[in-house]
Structure formats: structure tokens, C-alpha cells
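Enquirer: Generate the whole structure from the sequences, applying the supplied hints.
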Amino acid sequence: MKRVGILVGRELTFPEALIKSINERGNGETIAEFVKVGGVRLDEPHRYDLIIDRISHEVPFYRGFLKRAALEGTIVVNNPFWWSADDKFFNYALAAKLGVAIPRTVLLPQKAYIEGVTNESLRNLEFPLQWQAIVDYVGLPAMLKPFNGGGWKNVSRVNSLEELWSVYDQTGRLCMTLQEMIQFDHFVRCYCIGQEEVLIMPYDPTKVYLSGEQYVNDPNYLSAELTERITKDILTICRALGYDINTVEFAICDGVPYAIDFMNPAPDADLHSVGEYNHNWVTKAVTDFVFKKLAEPQETRTRYRWDALLNPEPTSAMQSLTAVASAAEQAARTIVPKPVREIPSEIAAGVTAFVSEAADVVSDIINSVVQPESQPQNAKQSAKSTRTSSEAPRNPTPKSNSSRKRKPTSEPPKM
954 MKRVGILVGR
964 ELTFPEALIK
974 SINERGNGET
984 IAEFVKVGGV
994 RLDEPHRYDL
1004 IIDRISHEVP
1014 FYRGFLKRAA
1024 LEGTIVVNNP
1034 FWWSADDKFF
1044 NYALAAKLGV
1054 AIPRTVLLPQ
1064 KAYIEGVTNE
1074 SLRNLEFPLQ
1084 WQAIVDYVGL
1094 PAMLKPFNGG
1104 GWKNVSRVNS
1114 LEELWSVYDQ
1124 TGRLCMTLQE
1134 MIQFDHFVRC
1144 YCIGQEEVLI
1154 MPYDPTKVYL
1164 SGEQYVNDPN
1174 YLSAELTERI
1184 TKDILTICRA
1194 LGYDINTVEF
1204 AICDGVPYAI
1214 DFMNPAPDAD
1224 LHSVGEYNHN
1234 WVTKAVTDFV
1244 FKKLAEPQET
1254 RTRYRWDALL
1264 NPEPTSAMQS
1274 LTAVASAAEQ
1284 AARTIVPKPV
1294 REIPSEIAAG
1304 VTAFVSEAAD
1314 VVSDIINSVV
1324 QPESQPQNAK
1334 QSAKSTRTSS
1344 EAPRNPTPKS
1354 NSSRKRKPTS
1364 EPPKM
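The sequence shown lines up with residues 954 to 1368 when you count with the working numbering.
If you're looking for bench data, these hints aren't it; they were derived computationally from the structure. These numbers come from a predicted model, not from an experiment. The reader is advised that the hints may include incorrect statements.
What the hints assert, rightly or not - Capping the alpha-carbon separation at 25 Å, the derived lysine to aspartate or glutamate pairs in DMTMM-like fashion look like this:
1) K1050 <-> E1073
2) K1185 <-> E977
3) K1064 <-> E1133
4) K1020 <-> D1039
As the list claims (entries may be wrong) - Here are the in silico distance ranges between beta carbons for each label pair:
5) L1051 <-> P1013: 25 to 33 Å
6) L1024 <-> E1229: 37 to 45 Å
7) G1208 <-> W1035: 29 to 37 Å
8) K1160 <-> T1184: 21 to 29 Å
9) K1160 <-> P1094: 17 to 25 Å
10) A1193 <-> G1104: 39 to 47 Å
11) T1184 <-> L1024: 44 to 52 Å
12) L1078 <-> G1208: 39 to 47 Å
In this text, a Cβ means the ideal position worked out from N, Cα and C, and glycines have one as well.
Expert: Following this line, the structure appears as C-alpha cells:
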């Protein structure tokens, strides 16, 4: 019997519909349920064959649990390791290199930092920022938004340099991007499931978020050519990033689809916000994907670097990575030097005396080379005596930090 776990937050309609759909199709051979997890032991046994993650981006404990589950062979959707490492600015850069149209975007330093970050910690940071050059490149109006996040949180439109400064000063520790605002004539939000199935949904971002009014029912919203290009771009993005559940948003201007947001590994699928048709489509698509993944042979699934150690494939000795098989084998490979206390005292004393005499001889040779010939012999003896006597540790005067660059302040830098 296969077990599927659903890890969720406060959403209701999608996870409940998904569990029902999987259980109906599973016919007792595949069972889906909400995950229950408490304190996770280091030797936690394998509990689920597949887990769909909808909330670990907001609950770090869940992210740690999912990584541990992956170690036991659980398929985790989406990949918790890549999700932890990913960010939107990298995504923009990658997609641009892959030929997807991306608005002009700049990554900005944080406004504030965690306690302990000092002026010295920021010595590599250019200050003041070349704000005018940044605005000239991106253009105005522009969108200021976090480089890592979703749900339209902390997203602002800025219409002037002064407004940009004002909003930026309120961003705290968030790392932000400033992105060209595309004056779109069409806008679409698109599901991509299993890096294969795509649903393009006409979308109105000017409506209230999660209101249920954002999704437009218009089968003739896009031309066939534009639909084909958007589908190609969606598959390119999701396959490059490895996301099996994702949404991609495009702002379309003069026939060009600009991808403006495509890091949404736990996208909204609530019945009341996306509508019945879209909700049913994504529920069925995810159900199909779950059974497809469960049917895949183990060797075709995502391999992690440690798989080569835990489950090595038969390869040549030069290419294979081999883990130590046992503590006994590890002990046999480890050379442990004998402690000094086992050396006879008379031998230890003789070695100490020899080393001391050798050090004096070397010091005299160095002095004869580096000191002027006119230096009196008693000065050499004095120097030697000073070397062999105990000295108090030196305490150099601390360097002044007055020349260090200062952190950005809330006052806009002079242009």
C-alpha cells in the first residue's frame, strides 16, 4: 500500500479535494491523508511514499522534517532543498538566459540588518547606491518587491525616485528587487503541473487578491501564436527550476509575454478564489501527477548527492563514491598517534634540550646576517638574552574604524 501525505496551512478546499480524489482513485491501494508530525527523531522511520508540501516556506520545522523524509526515500513535492535555495532574482536571470522575456530588474541591498552586522560587515557594499542610474535602467513607474516571497506581500508600485526612497526605507531586513513595470494589455496566470500539464488562466491583477474576481472566463483571450509561446516559456521555466507544482504569471505588452513571477511552489488553488473550473483542473492534474510519480521505478526518481553513498550504482572503482561500511572499518583506516605521555621521560627531556640548542644556533645565524657588522658583540648577546626570556604578550593599538563605510541610513543619499 502506498501512502501520500498532504502538508498544509490554513487552506481547506484544495487539500480536502485532493485527498478525496487520490483516495477514490487509489481504491484502498493508495491512501492520502493530512500529515501529522511532532518531534522528529534522527532515526525517524519511513512513513510516506510521497508528500505534497503546501506550507513549509512559512514553517521552518516542516522544511526540516521534509528534508529528513527525503533522506528516507520519500518523494517530496516540491523539492525542499531547491526550494530552500531558490530566489526570484536568480529565477529572472536564469529565465532571461533561456530566452524568456523578463522585465529589467535590479537586486537591491537590504535596508536593515540583523543584530551583529556592523559597518565592517558591509565593507564590500557600495555606498551610497547609484539610485539615479538604477532608476534610469529600470524606468518608472516600477515595482518594488521582495526577491524571495509570494502572495503579493510587500509589493509596491513606485512612481518617482522620492517615492522609491520612502518605500525602500520601510522594507527593513527584506532583500528587495526593483523591476520594470510592464504596462500590460493582457495578463495571465498559469498552472504547470508535473512540468508537463499547463492551464493558462486570464487574470486581472487589479482586482482584490483572493477575491475570486481576478480570474476571467474568456476562451478567446489569447491568440493561438501567443498561447503557444506562453506554453513553451512555462515549460522551459518549470523544467529549468525543477518545480512540479508551480504558477507562472505573464504581463503581455504589444504581443510580448513578460514573465514577472514564477517562484510559486505552493500556488493558490482554493475553490473560492480560483473558481470551480480552475480548482477542478488543478486537483485532477495533481492527482494524475501523484499516481505517475508513485508508479515510477526508484532509479528514475530525483537523485540527491548522498544517494551515491547510500545506494551506490555498479560503476568503475574510479567513478564510484564509497561510504565507510562500519565503525570497525573506519577504525582500521584511521591512524591515531600515540600520546606524548607514553614516551619515556629521559627521551623526552633529551629531545627538548636538543630542540632548544638548535633554536639558539639558528637564531645566531639569522642575527649574523640581518644585523650590521658594526653592532657590538654585547648587543648581540643582549638580543639573544631577550629572546630567551619570557615576554608579556603585546597588545597592539586597535585600528580606528573611522574610515569604514557606514550602513545606509533612512536619509536618501545625495545624487
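Enquirer: Run every hint past the structure and note whether it holds.
Expert: Going down the list of hints, with the structure as the test:
At roughly 35 Å between alpha-carbon atoms, K1050 and E1073 are farther apart than 25 Å, so this suggested pair is violated. Of the supplied pair hints, the one linking K1185 and E977 is violated, its CA atoms being roughly 33 Å apart against a limit of 25 Å. Restraint check for K1064 and E1133: satisfied, since their Cα atoms lie roughly 20 Å apart, inside the 25 Å limit. At most 25 Å may separate the alpha-carbon atoms for a hinted pair to count; K1020 and D1039 meet this at roughly 15 Å.
Here the CB-CB span from L1051 to P1013 is close to 31 Å, well matched to the stated 25 to 33 Å. In this structure the supplied range 37 to 45 Å holds for L1024 paired with E1229, their Cβ-Cβ distance being about 39 Å. A hinted range of 29 to 37 Å for the beta carbons of G1208 and W1035 is consistent with their spacing of about 33 Å. Evaluation of the 21 to 29 Å hint for K1160 and T1184 yields a pass: the beta carbon distance comes to about 25 Å.
Between K1160 and P1094 the CB atoms are about 19 Å apart, so this pair conforms to the stated range of 17 to 25 Å. A hinted range of 39 to 47 Å for the beta carbons of A1193 and G1104 is inconsistent with their spacing of about 23 Å. Against the hinted window of 44 to 52 Å, the Cβ-Cβ separation of T1184 and L1024 comes to about 35 Å, which falls outside the hint. A beta carbon spacing of about 40 Å between L1078 and G1208 agrees with the range 39 to 47 Å that was offered as a hint.
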